[in-house]
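A.B. asks: The lines below spell out each chain.
4 protein chains.
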Amino acid sequence: MKQLKVAILGATGLVGQHYIKLLARHPWFKIATLTGKESIGKKYVEAVRGEAPDPPKEIAEMEVVPTEPKYVDADFVFSCLPTEAAREVEPSFAKSGFPVVSDASAHRMDEDVPLIIPEVNPGHLKLVELQRKRRGWDGFIVTTPNCTTVGLALTLYPLHKTYNIKKAVVTTMQAVSGAGYPGVPSLSIMGNVIPYISGEEKKVEIETLKILGNLENSIVKPASLEIETTCTRVPTIDGHLESLHIETERPINVDEAKSVLAEFASVPQELNLPTAPRRPIIVREEQDRPQPRIDADAGTVPGMSVTVGRVRQGKRPTTLNLLLLSHNLIRGAAGVAILTAELAHHYGMLR
Amino acid sequence: MKQLKVAILGATGLVGQHYIKLLARHPWFKIATLTGKESIGKKYVEAVRGEAPDPPKEIAEMEVVPTEPKYVDADFVFSCLPTEAAREVEPSFAKSGFPVVSDASAHRMDEDVPLIIPEVNPGHLKLVELQRKRRGWDGFIVTTPNCTTVGLALTLYPLHKTYNIKKAVVTTMQAVSGAGYPGVPSLSIMGNVIPYISGEEKKVEIETLKILGNLENSIVKPASLEIETTCTRVPTIDGHLESLHIETERPINVDEAKSVLAEFASVPQELNLPTAPRRPIIVREEQDRPQPRIDADAGTVPGMSVTVGRVRQGKRPTTLNLLLLSHNLIRGAAGVAILTAELAHHYGMLR
Amino acid sequence: MKQLKVAILGATGLVGQHYIKLLARHPWFKIATLTGKESIGKKYVEAVRGEAPDPPKEIAEMEVVPTEPKYVDADFVFSCLPTEAAREVEPSFAKSGFPVVSDASAHRMDEDVPLIIPEVNPGHLKLVELQRKRRGWDGFIVTTPNCTTVGLALTLYPLHKTYNIKKAVVTTMQAVSGAGYPGVPSLSIMGNVIPYISGEEKKVEIETLKILGNLENSIVKPASLEIETTCTRVPTIDGHLESLHIETERPINVDEAKSVLAEFASVPQELNLPTAPRRPIIVREEQDRPQPRIDADAGTVPGMSVTVGRVRQGKRPTTLNLLLLSHNLIRGAAGVAILTAELAHHYGMLR
Amino acid sequence: MKQLKVAILGATGLVGQHYIKLLARHPWFKIATLTGKESIGKKYVEAVRGEAPDPPKEIAEMEVVPTEPKYVDADFVFSCLPTEAAREVEPSFAKSGFPVVSDASAHRMDEDVPLIIPEVNPGHLKLVELQRKRRGWDGFIVTTPNCTTVGLALTLYPLHKTYNIKKAVVTTMQAVSGAGYPGVPSLSIMGNVIPYISGEEKKVEIETLKILGNLENSIVKPASLEIETTCTRVPTIDGHLESLHIETERPINVDEAKSVLAEFASVPQELNLPTAPRRPIIVREEQDRPQPRIDADAGTVPGMSVTVGRVRQGKRPTTLNLLLLSHNLIRGAAGVAILTAELAHHYGMLR
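Protein chains in written order, with my numbering: chain A, 618 to 968; chain B, 618 to 968; chain C, 618 to 968; chain D, 618 to 968.
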């Protein structure tokens with residue numbers, strides 16, 4: 618099969634580096650262009666040097682080009698641009714005919730932009746039709762969620778289908794890599810917890826409702842559960858841990874709930890997409906798991922499975938407590954976007 | 618005023634060291650005896666050497682004696698023994714006529730043993746009458762709560778009085794010093810979160826209900842709110858942080874709720890007890906507080922005030938979110954016990 | 618005694634905060650002006666908010682003014698400006714008649730500028746005469762060393778006097794607070810060591826030789842020992858640890874060397890200056906000290922004593938190994954500058 | 618080729634886990650027996666559960682047996698026993714006819730026991746002849762060095778051959794995994810450095826001299842350079858970093874020294890042994906490398922290459938400074954032992 622050429626917009630940051638790692642031996646996609654800002658004209662390896670393990674040689678030597686359509690030679694683009702840049706740049710690429718798969722937050726909540734977790738709401742990709750019609754674009758924008766939303770929504774989804782969740786209370790313990798580089802100063806976080814991440818709680822709440830919502834008359838009607846979120850930063854490197862309490866309409870049997878989670882599989886698994894883990898959700902039985910340092914890379918595609926543990930009945934038949942962990946840079950960013958692109962490609966949207 | 622002589626049972630551990638620090642210049646109490654186990658016969662400074670800052674000279678030179686009544690010369694004793702040891706030893710001291718103020722968990726839930734936070738349930742000290750009658754002891758046992766319970770119950774109390782809490786969902790992020798020394802292996806916790814602390818969640822739930830309960834017919838009737846707890850260990854040194862969501866009967870006005878917390882004062886403040894902070898609860902307005910490393914020592918008596926922050930309305934008029942932090946070794950252990958002893962002394966119970 | 622009014626140039630940074638803490642109850646000096654850059658016009662508490670414990674109330678409310686002589690009402694100034702700013706600004710203050718005591722690096726190696734550790738080379742203050750003559754200034758500049766130099770030079774000095782050091786090999790393990798705020802990204806240093814600090818090794822070497830040098834014909838002749846330095850950053854908050862190996866001319870007796878260090882006292886101790894610790898060097902006998910988290914605040918004036926440990930004979934009679942620790946923000950910055958100002962004031966230089 | 622059956626003595630510890638990982642797909646060796654102590658009779662996965670990533674399924678289900686020859690079915694054994702256990706047990710296995718390849722310290726300095734780094738002193742394996750003759754054993758003991766020694770001796774060796782090293786001054790910054798599990802308490806090391814590791818400095822010094830020594834008349838004559846060592850523990854997970862200063866007889870050209878290190882290859886590379894990295898020493902040109910978190914796993918066989926950086930001329934033509942990093946559990950323990958076994962097997966010693 619001929620590989621599609623891809624560009625990575627904003628390739629020099631932390632998420633960009635993970636795209637490169639995950640695409641290194643990708644069967645369908647081949648990196649053709651890397652864009653940047655301060656590092657334009659530099660070799661890629663010099664643009665990121667010192668922050669990360671060495672990139673593959675052929676990528677290391679690529680020249681970083683400006684983030685403009687005319688410099689990009691690709692069948693479609695991944696965008697991991699900062700929010701402000703993404704707001705202007707992604708539409709300009711879509712207008713120029715590029716399919717854009719973006720993990721930036723700028724357009725996630727646009728009514729005609731799909732916000733996708735391939736296992737949860739693959740059907741929302743249909744929003745692209747509305748988007749193209751409204752905007753008159755040859756290309757389009759598809760987005761993937763905030764790094765904290767992904768693990769939460771992926772875990773809520775099978776439970777919601779089974780038990781109808783009325784309310785969720787979640788406290789997150791997020792890794793420093795979620796803030797990019799340089800990100801969180803060491804003086805602020807070493808031996809400490811910062812109980813606040815700007816804008817994060819609102820994103821988690823509204824994005825989750827959109828993802829769990831139904832497509833009705835070409836528009837996503839958000840799900841109606843109540844979500845209470847507290848986001849904190851803890852001194853871990855990778856892997857966002859979330860403590861979740863849910864109240865449901867239907868009574869929960871804990872063993873059944875574990876099966877619902879552990880056996881969950883969806884379209885990407887059925888299609889055997891290259892970046893789809895065999896199990897989107899891994900349920901651990903040990904008392905003290907998931908743990909970020911041990912479990913962030915779990916799964917048949919490392920970092921693409923959410924690990925759930927300590928699934929416990931609450932004080933009522935209709936309440937449940939658990940912890941979940943997902944790799945914020947893989948399942949929560951580069952990985953979910955690649956999986957989304959694979960899905961879009963399967964649907965013939967990238968050709 | 619003549620100072621009372623006190624013994625510290627289990628003085629060589631981490632909590633013991635904090636008793637010594639807090640009692641160094643205490644106006645009412647004077648350390649007379651230090652007990653230990655492996656270190657019997659050693660100088661105190663050699664028994665704890667390497668783990669902590671240097672103790673005061675006169676304490677450093679004291680000899681560690683066995684934890685038995687006959688070796689103890691004191692008007693009353695503080696116990697920070699391990700649970701198993703406390704189960705046998707504390708009654709033997711009470712039987713021998715000693716008042717025992719204990720932060721060990723062994724007897725906290727005994728029906729006739731008070732479990733005290735002086736600002737919350739000073740009246741529960743009356744249980745001692747029942748205890749003495751039932752057990753025929755000259756002395757008695759008074760306990761203080763688990764280090765995680767203290768901050769939670771102290772924060773819930775004024776809110777409960779005002780709004781009648783129906784349900785509380787709490788996720789804790791607890792410091793490694795809460796596990797004592799050697800405690801948590803560095804390989805387990807560095808750059809990691811361990812989402813489980815053995816026995817902790819149950820303690821937090823049942824202790825809080827006892828503390829918030831009412832004394833009826835000489836017995837404490839537990840409060841009836843529902844508490845859902847998830848306890849985690851994070852790589853911080855001191856200070857347990859707790860993310861709290863509550864549902865109340867009466868609607869909450871956030872500004873009023875902040876005032877209810879910030880202006881809360883109780884018997885220890887009225888009596889101006891030596892270890893009573895001017896404000897048991899400090900409310901911060903910054904978006905990103907409380908933080909363990911910055912706020913654990915807050916207050917006029919360092920470590921005795923709980924710091925509350927991010928007080929936010931939930932999705933309904935009857936829900937509220939906030940974070941609270943308390944110093945697990947001071948307000949959560951040695952400090953709350955000393956304050957309890959001060960209260961008991963004021964009531965004439967230690968003479 | 619009437620207090621001198623002082624200004625702190627660059628008061629909002631990490632070192633500035635320590636000046637404020639150390640000067641809070643100073644008997645001789647009173648903070649009159651705080652200068653800044655981005656935060657001009659703000660209250661001080663808002664300029665530093667979130668980074669540090671709360672400043673004293675009267676300081677918190679002070680307005681931050683521009684770093685120019687015309688805005689400053691003071692008898693002398695402390696400068697903790699960034700290097701580039703210090704290069705221009707400090708001379709402009711000296712020209713305007715202000716004595717400047719600076720811990721910035723800009724002018725440390727100027728031939729006519731004293732580089733002072735009050736216990737080591739108080740006599741170098743005489744360079745000010747040459748400086749004023751050459752530059753025609755009413756005021757003057759006196760500097761204090763790099764945070765890593767101070768602990769090293771203070772430890773080397775009594776050993777050098779006694780044994781004549783020919784060569785020193787030093788490897789440092791420096792705390793993140795030495796890089797200021799935001800300083801070192803958490804992603805770079807958590808669970809890691811960065812074996813490089815830009816410009817640091819050269820500073821340590823040339824500054825130490827100047828400090829240990831002799832004033833001959835109004836000029837400092839650098840000491841002639843050979844110093845080999847490797848500077849690393851480790852994930853500690855405060856306190857620079859240094860592993861030191863020395864080769865000397867005269868044979869060393871280890872017990873004598875310990876006494877030489879432990880009993881060292883100098884002009885500041887004789888004059889009983891307010892910020893002078895009783896012992897500039899504390900020698901620990903335990904096998905595993907000094908440790909940054911335990912020992913950084915050691916001494917009668919917390920943070921002003923260097924802690925030395927593991928003093929061991931090398932493989933030859935003329936070699937010695939030891940570790941030393943000094944608080945980089947206190948003895949290594951704000952504290953050494955305040956002590957230097959006290960010395961200068963004693964000599965009548967600030968009136 | 619038929620695979621040799623191997624037993625791992627003390628398989629449940631941290632080093633044992635790394636043997637299992639490294640041998641998972643080994644072409645020559647196949648794990649046949651795992652021994653333990655407290656966990657005898659348990660499945661392997663239960664014996665190590667919670668400390669490490671999941672072991673391969675076939676290993677996970679193996680039963681842990683007692684560390685006695687009669688329970689062991691193997692062509693040879695690896696020993697990662699604690700020192701005290703190794704002292705008695707390893708000779709008993711050798712006596713029973715087993716070749717023992719040990720990374721325990723018990724017998725390293727025995728005159729007739731080889732202490733091997735395959736790239737440095739493969740010829741020392743001949744000591745086994747003396748050993749068998751003297752002790753009358755069918756089997757034998759071959760040892761590998763302390764985890765800190767390996768990286769140092771491997772780096773010194775090519776420099777020593779080229780420049781004749783007279784003196785080395787080394788300060789180590791060692792990871793917590795070097796202390797095993799539970800090892801270093803988190804309260805001791807978080808945000809801290811412990812400048813002492815019991816017994817380590819002496820081991821590094823005497824082992825290095827033995828390894829660099831020459832075999833003369835069937836006995837190893839230690840090398841004669843002077844080594845001054847200071848060992849510290851820092852809060853890193855894996856990878857021992859060492860700051861090295863050397864004095865040589867012959868003058869050093871820095872570029873040449875880098876080539877000497879980077880191009881060093883030896884018997885294992887020539888023989889293309891399965892666990893031999895293409896480059897035993899990787900020289901980095903960046904200013905701020907090697908870093909434990911980034912570089913510990915460097916090389917074509919992850920964790921088997923030592924990374925050297927910041928190679929700088931000292932103050933004299935005959936002095937040189939550099940930093941080196943080696944993975945303490947792989948090149949410093951399990952990996953060097955496996956490579957040694959491969960070498961021994963090549964020489965026909967394991968059949």
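Rather than coming from a laboratory, the hints here were simulated on the basis of the structure. Be aware that a few hints might be false.
Using 16 Å as the maximum straight-line C-alpha spacing, the simulated EDC-like pairs for lysine to aspartate or glutamate come out as follows [as the list claims (entries may be wrong)]:
#  : chain 1 : residue 1 : chain 2 : residue 2
1  : B       : Lys932    : A       : Asp727
2  : C       : Lys783    : C       : Glu866
3  : C       : Lys932    : D       : Glu843
4  : A       : Lys659    : A       : Glu680
5  : A       : Lys654    : A       : Asp727
6  : D       : Lys778    : D       : Glu866
7  : C       : Lys647    : C       : Glu663
8  : C       : Lys647    : C       : Glu685
9  : D       : Lys647    : D       : Glu675
10 : C       : Lys622    : C       : Asp671
11 : A       : Lys932    : B       : Glu675
12 : B       : Lys932    : A       : Glu822
13 : D       : Lys674    : D       : Asp690
14 : A       : Lys750    : A       : Asp727
15 : A       : Lys932    : B       : Glu822
16 : D       : Lys687    : D       : Glu675
17 : D       : Lys932    : C       : Glu678
18 : C       : Lys932    : D       : Glu822
19 : B       : Lys660    : B       : Asp671
20 : B       : Lys659    : B       : Glu675
21 : D       : Lys783    : D       : Glu822
22 : A       : Lys784    : A       : Glu822
23 : D       : Lys932    : C       : Asp692
Stretch-level coverage of chain B by chain A, calculated; a stretch enters the list once three of its residues show a Cβ under 8 Å from a Cβ in chain A [what the hints assert, rightly or not]:
#  : stretch
24 : 718-725
25 : 906-918
For every residue, glycine included, the Cβ atom is placed at its ideal position computed from N, Cα and C.
A.B. asks: All the hints need checking, so say for each whether the structure fits it.
C.D. replies: These are the hints, each one checked on the structure:
Between Lys932(B) and Asp727(A), the direct Cα distance comes to roughly 23 Å. Violation of the 16 Å bound is thereby established for this hinted pair. Between the alpha carbons of Lys783(C) and Glu866(C) the distance comes to roughly 6 Å, so the proposed pair stays at or under 16 Å and holds. Restraint check for Lys932(C) and Glu843(D): satisfied, since their Cα atoms lie roughly 7 Å apart, inside the 16 Å limit. A hinted pair counts as satisfied when its Cα atoms are at most 16 Å apart, and Lys659(A) with Glu680(A) qualifies at roughly 6 Å.
Taking the CA atoms of Lys654(A) and Asp727(A), the gap is near 26 Å; set against the 16 Å cutoff, the hint is violated. The hinted pair formed by Lys778(D) and Glu866(D) meets the criterion: a straight-line CA distance of about 11 Å does not exceed 16 Å. Distance hint between Lys647(C) and Glu663(C) is unfulfilled; the C-alpha atoms sit about 21 Å from each other, more than 16 Å. Among the hinted pairs, Lys647(C) with Glu685(C) is inconsistent with the structure: their alpha-carbon atoms are about 19 Å apart, more than 16 Å.
The hinted pair formed by Lys647(D) and Glu675(D) meets the criterion: a straight-line CA distance of about 11 Å does not exceed 16 Å. Distance hint between Lys622(C) and Asp671(C) is unfulfilled; the C-alpha atoms sit about 22 Å from each other, more than 16 Å. Distance restraint check for Lys932(A) and Glu675(B): the Cα-Cα separation of roughly 51 Å exceeds the 16 Å cut-off, and the hinted pair is therefore not satisfied. Between the alpha carbons of Lys932(B) and Glu822(A) the distance comes to roughly 11 Å, so the proposed pair stays at or under 16 Å and holds.
For the suggested pair Lys674(D) and Asp690(D), the alpha carbons sit about 20 Å apart, so the restraint of at most 16 Å is broken. Taking the CA atoms of Lys750(A) and Asp727(A), the gap is near 14 Å; set against the 16 Å cutoff, the hint holds. Between the alpha carbons of Lys932(A) and Glu822(B) the distance comes to roughly 11 Å, so the proposed pair stays at or under 16 Å and holds. Under the criterion of a C-alpha separation no larger than 16 Å, the hint pairing Lys687(D) with Glu675(D) is inconsistent with the structure, at around 22 Å.
At roughly 51 Å between alpha-carbon atoms, Lys932(D) and Glu678(C) are farther apart than 16 Å, so this suggested pair is violated. Simply put, Lys932(C) and Glu822(D) have alpha-carbon atoms about 11 Å apart, close enough for the 16 Å limit, and the pair holds. Taking the CA atoms of Lys660(B) and Asp671(B), the gap is near 13 Å; set against the 16 Å cutoff, the hint holds. Using a Cα cut-off of 16 Å, the hinted pair Lys659(B) and Glu675(B) holds, with the two alpha carbons roughly 14 Å apart.
Using a Cα cut-off of 16 Å, the hinted pair Lys783(D) and Glu822(D) holds, with the two alpha carbons roughly 14 Å apart. Simply put, Lys784(A) and Glu822(A) have alpha-carbon atoms about 11 Å apart, close enough for the 16 Å limit, and the pair holds. For the proposed pair Lys932(D) and Asp692(C), the alpha carbon gap of about 44 Å is over 16 Å, so the pair is violated. Under a criterion of three residues with beta carbons nearer than 8 Å to beta carbons of chain A, the stated coverage of the stretch 718-725 of chain B fails, only 0 such residues being counted.
Counting residues of the stretch 906-918 of chain B whose C-beta lies closer than 8 Å to any C-beta of chain A gives 6; at least three are required, and the coverage claim holds.
Hint violations for this structure: numbers 1, 5, 7, 8, 10, 11, 13, 16, 17, 23 and 24, all remaining hints satisfied.
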